[in-house]
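Q: Sequence:
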Amino acid sequence: MPPTDGAGLVRWALRQERRRIVVGALTGIVWMGGLALIPVVVGRAIDGAVDDGSGAEIGRWAAIVALIVVVSAAAGAIRHRIAMLLFANTGWRVEQALTRRIHDPRGGAARAPGDSLAMATTDAERIGGIADLMCRGSGAIVTFVGIGALMILTSPLLGIIVLVGLPATLFALVPLWPRAERRAAEQRAQLAAATSTATDTIAGLRTVRGLGAEQVARSWFASSSAAVERAGVDMARVLGAWFALSAAVPSLFLALVLWVGGNLAIDGDLTPGEVVAFTGLATFLTIPLQTISELAVTWAAGLASARQIGAALATPPAVDESSDAASSGDAGGLALVGVSTDGLEGLDLTVGADEVLGVACDDQSSALALAELLARRRDPDDGYVTLGGTDLRSLPLGELRSRILVDDAGDPWIRSGTVAQNLSLGGGERSAVGEREHLDALHRAAMTELLEEPSPLSVRIGGRGLRLSGGQRQRLAIARAIRRDPPALVLADPTSALDALTEAEVSRSLVATRRGRCTVLATTSPTLLAACDRVALIADRRCVDSGHHAELLARRPEYAALIGVTP
0 MPPTDGAGLV RWALRQERRR IVVGALTGIV WMGGLALIPV VVGRAIDGAV DDGSGAEIGR
60 WAAIVALIVV VSAAAGAIRH RIAMLLFANT GWRVEQALTR RIHDPRGGAA RAPGDSLAMA
120 TTDAERIGGI ADLMCRGSGA IVTFVGIGAL MILTSPLLGI IVLVGLPATL FALVPLWPRA
180 ERRAAEQRAQ LAAATSTATD TIAGLRTVRG LGAEQVARSW FASSSAAVER AGVDMARVLG
240 AWFALSAAVP SLFLALVLWV GGNLAIDGDL TPGEVVAFTG LATFLTIPLQ TISELAVTWA
300 AGLASARQIG AALATPPAVD ESSDAASSGD AGGLALVGVS TDGLEGLDLT VGADEVLGVA
360 CDDQSSALAL AELLARRRDP DDGYVTLGGT DLRSLPLGEL RSRILVDDAG DPWIRSGTVA
420 QNLSLGGGER SAVGEREHLD ALHRAAMTEL LEEPSPLSVR IGGRGLRLSG GQRQRLAIAR
480 AIRRDPPALV LADPTSALDA LTEAEVSRSL VATRRGRCTV LATTSPTLLA ACDRVALIAD
540 RRCVDSGHHA ELLARRPEYA ALIGVTP
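First residue of the sequence shown? That's 0 in numbering that gives the first Met the number 0, and the numbers climb one at a time after it.
The hints are simulated quantities; they were obtained by calculation from the structure and are not laboratory data. Using N, Cα and C, we set each Cβ at its ideal position, and we do this for glycine too. Among these hints, one or two may not hold up.
Said to hold, decoys possible - What follows is a list of derived Cβ distance ranges for each label pair: (1) 214 to 95: 14 to 24 angstroms; (2) 214 to 167: 49 to 59 angstroms; (3) 533 to 448: 42 to 52 angstroms; (4) 514 to 454: 42 to 52 angstroms; (5) 265 to 231: 47 to 57 angstroms; (6) 229 to 59: 40 to 50 angstroms; (7) 515 to 83: 55 to 65 angstroms; (8) 393 to 99: 48 to 58 angstroms.
Required output: the full structure, derived from the provided sequences and hints.
A: The structure is reproduced here in structure tokens:
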């Protein structure tokens, strides 16, 4: 598990690529050091030509310059390749750690889709950007120090000016670092919000069109996009000031070096070649200085992103998995004993191993809490839930999820791709037998219009099933559950989007398919409840029996016939 603090996460990500960073840093030093040597060699060539008085000396130094250029170009190519690998691998490693945490069966790290997407893409890439700059940054720092040492050996005064000027130049940029980090965090938050808005709009595009609310949806996205733009402009202002200073301060520093070097040449303390070398080196100094300032900007942005990812990694699990977990054997029935949590209070409810139970709730929060507990996405504050007499908290989560399938069929998750790919989420293999079982599941879910297609399993249903109607998406989710055929099945509002005739057909088929298996159908549909073996009513956060139905039946008289009570 990587560290969850921002700086620790960045160090962890870089440490995983330390060998490649070392090689990249060495090639970066050779690349930038070679560029820095060119004005030195040119200066030596000029002095040699003046002393020798012939072109032979210039030819020898020209060959040296050509060799330096070739070596520097080769090192630069290798450095660039390694930097790109560092960028991709480091970002991928952080993204992988984040994905593992979000997909942890113990839960707790779920975020809004836009926020999760922003962390897995933009934030991970910013951390990768730090690794990318490690190569150039190392070359810039070493080259700058080397130039300073060379200048001290050649001219102590100029060398001291350079070595004192470097900290002064960096110090001039320090006040902008915290501001750049804050602006980067704000821009990232606004981008995540805009992504969430876009995701929600696309997911609800059918509803938006049905309501004729396209203009409202556009205004939402325009507003969120404007917020991203404002945050981006604020970030650009800080970056503009940053790069302006990173260009202006080194330029002033260069002017100082040239002025001092020129005076030393006039006094005869420097040769013509040394003047040329110092001029070239002073000009070259702007490259490592700008690289160092870029490294600081990238670090600020990457650190802000690392803190966001670290916060997600640090989120405690919603449930704990027992270290001495044991197999439960046969699935058996479900039981909630004295369960209290958000939406439920002292609930006692039993579902037989061979029973199809309909559960009607007078409050949506109670139905949601029931599904969360049975899926063990959370644990009750009081009481306990059992499967076959075994407390769910003592079962391995992998085994639990294979024995109990809980699906929000009222608003099902449908992946992009084909019908077969969605049904295969239920465990269907790619074979003739698997295809027959897929088709049988579609038939049991009354997907008549789909079965009339020449190749129903190959029909592409679009992103999140947008090519399907709401009722078709629900029936596909029911078919997926039937195809999975778990020992215990819990479906929430599986027929809420179906018309009366289709709902009656699906209700009969679903209950007949599940008869003899532990099944919970949380619904307010009288048609589906009528098909169940037994009906439980949850009112005021508790399960009520036939002697305490008066208040609930006063609000929902359509349930009276189902439980044999006169309202």
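Q: It remains to establish, for every hint, whether it holds in the given structure.
A: Do the hints match the structure? See the list:
For residue 214 and residue 95, the Cβ-Cβ distance of about 41 angstroms falls outside the hinted range of 14 to 24 angstroms, so the restraint is violated. Range check, residue 214 to residue 167: about 56 angstroms between beta-carbon atoms, so the 49 to 59 angstroms window is met. For residue 533 and residue 448, the Cβ-Cβ distance of about 33 angstroms falls outside the hinted range of 42 to 52 angstroms, so the restraint is violated. Look at residue 514 against residue 454: about 31 angstroms separates their beta carbons, and that is not inside 42 to 52 angstroms.
Range check, residue 265 to residue 231: Cβ separation about 50 angstroms, and the 47 to 57 angstroms hint holds. The given range of 40 to 50 angstroms is broken by residue 229 and residue 59, whose C-beta atoms sit roughly 60 angstroms from each other. Take residue 515 and residue 83: their Cβ atoms lie about 59 angstroms apart, and the range 55 to 65 angstroms holds. Taken as a hint, the range 48 to 58 angstroms is violated for the pair residue 393 and residue 99, whose Cβ atoms sit roughly 24 angstroms apart.
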